[in-house]
Each structure stands twice: as structure tokens, then as C-alpha cells.
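Protein chains in written order, with numbering that gives the first Met the number 0: chain A, 0 to 96; chain B, 0 to 512.
The hints are simulated quantities; they were obtained by calculation from the structure and are not laboratory data. Misleading hints may appear alongside valid ones.
On the chain A side, residues computed to face chain B include the following (Cβ under 7 angstroms) [as the list claims (entries may be wrong)]:
id : residue
1  : Ala-8
2  : Thr-10
3  : Ser-14
4  : Gln-17
5  : Val-34
6  : Lys-36
7  : Gln-41
Where is the CB? At the ideal position from N, CA and C, for every residue including glycine.
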Amino acid sequence: MEIKHTALAGTLESSDIQFTLSKGTGVEINLNSQVEKQFGKQIRKVITDLLAEYDIKNVTVRAVDKGALDCTIKARLIAAIQRATDTQNQPNWEVLG
Amino acid sequence: MLNKVNREIPDDILKDKNYKPFETTEIGNPETTYVAHNVKVTQGDDKLVDSIPDVIAKTGLKNGMTISFHHHFREGDFVFNMVMQEIINEGFQDLTLAPSSLTNVMNDMVIKAIKAGTISHITSSGMRGSLGDFISHGGLKDPVVLRSHGNRARSIENGDIKIDVAFLGVPNADAVGNANAIHGDAVFGSMGYSLMDAKYADKVVLLTDTIMPYPNTPASIKQTQVDYVVKVPKVGDPDKIGSGATRFTKDPKELKIAEMVNQVITHSPYFKDGFSFQTGSGGAALAVSRYLRKSMIQKNIKASFALGGITKPTVDLLEEGLVDKILDVQDFDKGAAASMANNENQQEIDSSWYADPYNKGAAVNQLDVCILSALEIDTKFNVNVMTGSDGVLRGAIGGHQDAANAKLTIISAPLVRGRIATVVPDVTTVVTPGDSIDVLVTEVGIAINPKRKDLIAALKNVPGVPVYTIEELQKRAEAIVGKPEKLQFTDRPVALIEYRDGSLIDTVYQVKD
């Protein structure tokens, strides 16, 4: 799937994560996390896996994490992906299921 | 070697610094000798000094000496920065800094003094913010020694901390050094921690913005103890010394924890007329006093005393007649500080009286119920209040190890904070050994230390208080947040955590970034 334009999801509240997706070459993830030392790898894995499920190969991901749980990270990233690919009205049920 | 809480204590530290590894929470009946201090005899007529540079010269401060301060002004302290700046300016080197604790407002000045070579050793109750970060990244060559309030009193008495010059800010004093903290612009109530410095330092300097007529009473610090009095423009910012009106938390999680803590207390064998308690200052702890008040009225039970750092809600209980006496070593808010002037049953106590393990019996030994907080607690009930989830120093022992002596010691803490588990397999840093902890209360339920069979029996069927093993709570936390990667440290110690008897309970290492 192609990123059509920059899109944002999430907030900077504690226990949330804010994603900004924009066009890029290859997958580039800039993560700024309060829990980098303990969960940095795990958060990157969640992001990478989800992008792969959506078959997104070219994207720049900026993530500002305030200690979000994996379920929150997924939900925010899915929202950002749908906004960036203009597919809010055609959710990818295979991924969501 | 491994100590009794399974922490590896480097042998060279045990040897070089003459430490014993932590063995037991039992203090027993050792014999000790208190040190004496020097007295320069005066008739008391020439104690008023015009300026900080003058008084530093008069004290005879030299390189390598130990200086002390108190932290009763908390985040509103002006005295520490004023004095320390002058000591740096005058080029002193290699001093030991031995305050009762360090607050955020002092951080930048301490870092500056370390960089200038003025401070080369530190002992404190704790540190946080930029200073904790600086030390955790190896900013000071010699490891910081962290001691509880009771242990600081013990160390001053037996000479482990030998204070050469104490610089003590006070809201008022007369020209010969009689001082209290209940009158003036910057009142902070009890002078608890600073009373040790006034009693044991070779040279005692008071700094105040309010000179009172002689004799200034009530005198917490007395003219017989004081060498010099300096008038400064302002000792502190009253608005930052303690929070104003204490607001009760509205956080449903904290309220649930508080309600459950209250259930634990009221269903314990200790909840009877004449019981005693210490609550501390956290959000949940404050809310406990509200639930406890209701239960005390319902059951017609009164407390004989409340102990420790005091807040307005505790003073309210005193004024309502639900608590007979307050033993007050420190005041956390304006209401508690202000009431000290009016309530004769709010007794100021020094930190030896409060919590010292090596005297003829401290107040903590009489305590029934104590509620404490935790950054982390592990499946052995060991508690960490010193290092954050990133391994960086960001806390203070305070009276934690001391008050945990209570007959019923309750840790109130949420199961997780954001993505960080509070209940963990092993705490990053052991501050208070699990042997002192009786019950953990979280928002999902409680865990009781298995050695307290009496409490397990008393609390097994309390409505709304599910009982788990601590391993179950730990697994539940992990199921929510996941399994964290292990923190990485270098092999260089940056802080030594003493137990209250002066033995070494854990070591904090420099973080790897």
C-alpha cells in the first residue's frame, strides 16, 4: 500500500503514542520513547510487523511514545495508516481480524 | 559477596570502606559510643555576622571538611544555593556534602560544585532530577552514600558523618541563636532533621531573614548550640516550601488503592483504640486518612499518635480529637507547618527520636501501622524507592527503611505505571528489605508476606479485598505490559545504599547509554 500524504494519529498524553506517517523510501522508523531502554525493541517490532501486514514498503514513521501498551500502539498505527492511505472507509479486515 | 537480600556487594567496597554486608532487619542490643564535638567557648555577644563570606571565614572552613544543610525548605530553599555559591567562589576543594536530603532546587548548584572540585563526596537521603542523572552517568568519582533519616541520625551520633560546619536556614532566630520554624515568612513547622546538625556539628551557623528579640521562644535550636547568626534577605519561598491546600486525589485507581488500604488496616488486629499510624505524603496515602477517619468514627476508635512527615489531613484528625498526639519530624504542607504554632499536641521530634536504630528506642519502634510507597516491589517483597525504571537515581530513602519497622507495614502502589510494572521479579535496587514489608496493596488486590500467617488469616475474607500471592500479582503486571529488557549498567558503582544499621544493602551502578 502507498502512503498518499502525511497523517497523524494519537496524542502526547501519558500511556499514549503519537504516530506521524509520511512518504519515504524504504521503511524508516524514528522512535522517541520514555521506555526505550526496556521496550524499544518490542515497540519497533510491533510497528514493523504491522507495516508488513499492510504491505507498506515506503514510509517514514515518527513515533513519540509515552509508555503506551502494545494494543494502544497497534490501534494508533492502524488509524495513522488508514488516514495516510485514505482508506478510513475501507478498513483492512484481514489485518484487523 | 552476596548479602542476605541476594545483592552482589563488591568486595573492594566492603574492604576499602569498611562496610559489613546487610544481614538482618533485627537491630538487637549492640553497644555504641556517641562522638563528641568541639566547642569554641563564647559569652554569646558577638554571634551576629553581616555576610556569608564573613561567616565562612569565621567558621574556619578548610579543604576536605564536611558541611551540612537541611532540606526542610524543600523546593523553596534559598539558603543552600546562597551558601554553596560563596563556597565555590572562594575556591574550597574536596568538601564532603552531608545534607539531610537534596531537593531539585539544589541540583544545579551541586553539579556546579562537583565540576569545580568543591564537592568530592556526598551523603544524602536521596537525589532526583538533573543531579540524579548526573551522578548516575558517573559525574562524581566517589560513590554517593545514601542513608535513611534514622541512619543519618545514627551516623552523626557515632561519627560516620562528622559535620565540621552546619549551615542551617531558619525562618527566625534571635541574635544568640534561639530559633524555631513556626514563626516568620518561611515557616516549615518541625525542624526535625536539622536538630541533629545543631547538636553534633563543630560549628553551627544559622541563616535567617527575621531577627527576633531575645529570648526567642519556643527555641527548637538553642543558643547553647549556635556559633553564628547571619541575616540574609530571604531564606525561602513560602509558596514552594510545601504545597498549599492539600487536595485529595480524584484518580479512581488511587482511590481504590486507598479504600483497600483502609480495609486492610481496619481488619487487622492492630485497629483498636490507642493504635498509631504513619501515612506519608503520596496521593493514595493522603486519601487513606479520609477513609480511616470514617472508620475510626464508626468504630469509636481513637489513635494514640500519628508519626512522621505530617500533612494537613493528619492535623485535622488531631483537631477533631481522633488522634491524641502527633510526633512530627517534618511537615509536607503549609497546613501542617502552620498548625505547629497552635497545637501543643503536635510535638516536634528530631530524627534520632523519630527513627534512629542505635539509641535507647525510637518512635518508629512504637508504631503499629505504616503506609509506604514504592517505585518497585519484587516477589521477595523487597522495595525500591531509589532508582527509576531506567536505572537512574530518582528518589530518596527518607524514612522508608525506618518506618517499615511498624507492626503492620503496607506498601500502596499501582500494579503498573504506564508501561512500567511496579510488581517485578527483582527490584532494580533494594532499599527496604522484604522482611520489613507485610502487605502490598494494588488496585486489583493485595498480597501478604507469607511469613505473616496471622495477617493471612485475618485478611482472607474481607469483602472487596481479593488476596493473591505476590507472584500472581507480578505475572498479572507482566501480562499487561510485557517483559522488559534488562537494564544495562557498567561495573562502576555510583551510589551505595546503606541499610539503617549502616550495613550495605545494595549498590547502584553507572547506567549504560
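Hints versus structure:
1. Ala-8: violated (18 angstroms)
2. Thr-10: violated (14 angstroms)
3. Ser-14: With Cβ-Cβ at 5 angstroms, under 7 angstroms, it holds.
4. Gln-17: Not OK, violated: A:Gln-17 not within 7 angstroms of chain B, min 15 angstroms.
5. Val-34: Where the cut-off is 7 angstroms and the nearest Cβ of chain B is about 5 angstroms from A:Val-34, the hint holds.
6. Lys-36: At 5 angstroms from the nearest chain B Cβ, A:Lys-36 passes the 7 angstroms test, so the hint holds.
7. Gln-41: holds (6 angstroms)
In the structure shown, a violation is registered for the earlier hints numbered 1, 2, 4, in ascending order.
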